[in-house]
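Number of protein chains: 2
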Amino acid sequence: MTIYNFCAGPAMLPTAVMRKAQQEFCDYQGLGVSVMELSHRSPEYMAVAEKAEQDLRELMAIPDNYAVLFLHGGARGQFSAIPLNLLGQGKALYLESGQWSVAAATEAEKYGDIERVDLRCESRTLDLSRIPADTSEYAYVHYCPNETVDGVAMFDVPEVAAPLVADLSSCILGRDLDVSQFALLYAGAQKNIGPAGLTLVIVRRDLLGNADSRCPAILDYQLAANHDSMYNTPPTFAWYLAGEVFQWLKHQGGVAAMAEVNRRKADKLYGFIDASDFYRNAVAPSHRSEMNVTFQLHDAQLDKRFLAEAEAAGLKALKGHRMVGGMRASIYNAMPEAGVDALVQFMDHFARTYG
Amino acid sequence: MTIYNFCAGPAMLPTAVMRKAQQEFCDYQGLGVSVMELSHRSPEYMAVAEKAEQDLRELMAIPDNYAVLFLHGGARGQFSAIPLNLLGQGKALYLESGQWSVAAATEAEKYGDIERVDLRCESRTLDLSRIPADTSEYAYVHYCPNETVDGVAMFDVPEVAAPLVADLSSCILGRDLDVSQFALLYAGAQKNIGPAGLTLVIVRRDLLGNADSRCPAILDYQLAANHDSMYNTPPTFAWYLAGEVFQWLKHQGGVAAMAEVNRRKADKLYGFIDASDFYRNAVAPSHRSEMNVTFQLHDAQLDKRFLAEAEAAGLKALKGHRMVGGMRASIYNAMPEAGVDALVQFMDHFARTYG
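Line by line, the protein sequences give chains C and F.
Okay, so the first sequence: first residue is 118 according to the numbering used here, each after it adds one.
Okay, so the second sequence: first residue is 118 according to the numbering used here, each after it adds one.
Hints should not be assumed to be uniformly reliable.
Identical copies look the same in the list; a pair holds intra-copy or inter-copy alike.
[Said to hold, decoys possible] Below, in silico cross-link-like pairs of lysine to aspartate or glutamate (DMTMM-like), each with a Cα-Cα straight-line distance of 20 Å or less:
1. 421 to 161
2. 227 to 329
3. 385 to 454
Honestly, the hints are just simulated from the structure, not real lab data.
Pulled out of the complex, with its shape left as it was, chain C reads as follows (with noise of 0.2 Å):
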């Protein structure tokens, strides 16, 4: 039976990285040990490191004047780390549309004057007319392009005169962006990158060198430019594997390949849900995440029954984030269409049996 995992993260990663990784476990390129045993300065490890910022930054078409980090950590780290290498005596702009959002402007109040502006409606949609005409007074403005426990994303880049920070954890190569429209980027691995222990920062080199005093070492960006990312042991392994997911993505044609293939899994499942009286999703159309799809079957008791027998259908981890319940698909760049299909075919086929 084919196994599809739909967990919101740490999630599947694909294959084809998985079986090639597998073989070269105990033995990296004939070297007679493995990839997670090599000193981070080695020849060997420095040529895995460089290439996966060299794929990575071709995939992204990040421009020269950004740098690119392999930092330690899960995004919690940079709703630390972004006020303080960024904030000085400012304040900044934080944008809510989710959970995730919320978390990192509680996160930044610690380290100075944070306004937050909560964006979301009643009716699950996101309403971008509350966004201040005029942002020139911030350091900085923040928000979430994909919110993964509601499934609610915000696909127009917000027109802001202060730098803008974004938090792609959940859907970075997953669709184009255009870099230079960002002063800050930065995602959690292990959604759409590789396993967890590792976060990107894609920063524009003009806003290094002014971290907060404070700031412990980890944190700061800067040091970390200065010694590409090796200020201390890097995470190796999980830098690795990030960098056989980029390989894999060139191999698929790259992000707007991706993105074709996303939009048609994600517009396949909305709309098997949508002609459903069983299945629904209440988040308004234009702000329904190409990532997280979210769900509820009609009957909340037949949630327990469909777990179970998607589970044995060898539909994994479709259970909703524990703060909302419901159901959750998440479809990243490694989920493959025929995953969506198989997932589609088992909703039918339930919502006949116990409709």
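Following the hints, complete the assembly by docking chain F onto the known chain C.
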């Protein structure tokens, strides 16, 4: 040819652990997915996480009044976390015995009043009599029992009244220690535990809850303890591999059994070096590391040839730290005695050829 990897870190992992991890890399316990693709909140992953903690508690006889935290990053993150959690408005004392304890003190100075005592003497020994007799005024005393760069160890636990904090990154689980003598122990994983990107913190619970108001959430021990190290998504694969290493250690007979092998390995190597005119180690015998054996060739012009021939003989990563040069054989728990035998045999052959 058998390969022996003497890298100081990321270091080799036990061969049996690596083979098992390879075997189940794409299919953990018949689930059809990798352990790194499991939600950290799934029952299957929670069992992995809990077993790792229980096995570590057993191996180190950790009393119940200590929390065991599995955190992101390396020891450098803890250089900041320790003062941010323990310093308060007080002052702390840092004992300096090498590069790492100095770096820890330098980072701590960002956060308050830090006093430093350099224990290093010109004769490459440590003078513990320099430790102030009365330390009761300090919030804590920090030291590093094993310094990897010079291969210098401090085997006696300093007798201090203040809470004692130790960086065990390069010696944890290498010999027995009495956890109750310490307020906090910490260790980056990549030397004696698992892959880079995981750090263990073992901390007396009564010390929690006093973090600085500007402590990043990911460095707040109380938050980590409250959430069983899952306040954010932990580095799940590294945690799993650490757990596999703990199981392997139990099968080897636990820490006492490893300590015996480690003592034997170190004695063999130092014994050979001391008996030779060709090699030398200048560290005072009572402070020689059992984990990182540094040595110099009598003629540094032979260094390159030594490294090239060692590599050709399957003995990898013997180059000393870039700050001090010479050679370094890191012989952590995962290095079998046969690896040390092979190294001694090679060194002997090399000395006879070029001596």
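(request) Tell me, please, which holds for residue 385 and residue 454 at an alpha-carbon limit of 20 Å: within, between, both or neither? (result) within (9 Å within a copy, 59 Å between copies)
(request) Can you give me the call for residue 421 and residue 161, within, between, both or neither, at a CA distance of at most 20 Å? (result) Close across copies (18 Å), not inside one copy (49 Å); limit 20 Å.
(request) With 20 Å as the alpha-carbon cut-off, assign the pair residue 227 and residue 329 to within, between, both or neither. (result) This pair counts as both: shortest intra-copy Cα distance 13 Å, inter-copy 10 Å.
When the structure is compared with the earlier hints, no violation turns up for any of them.
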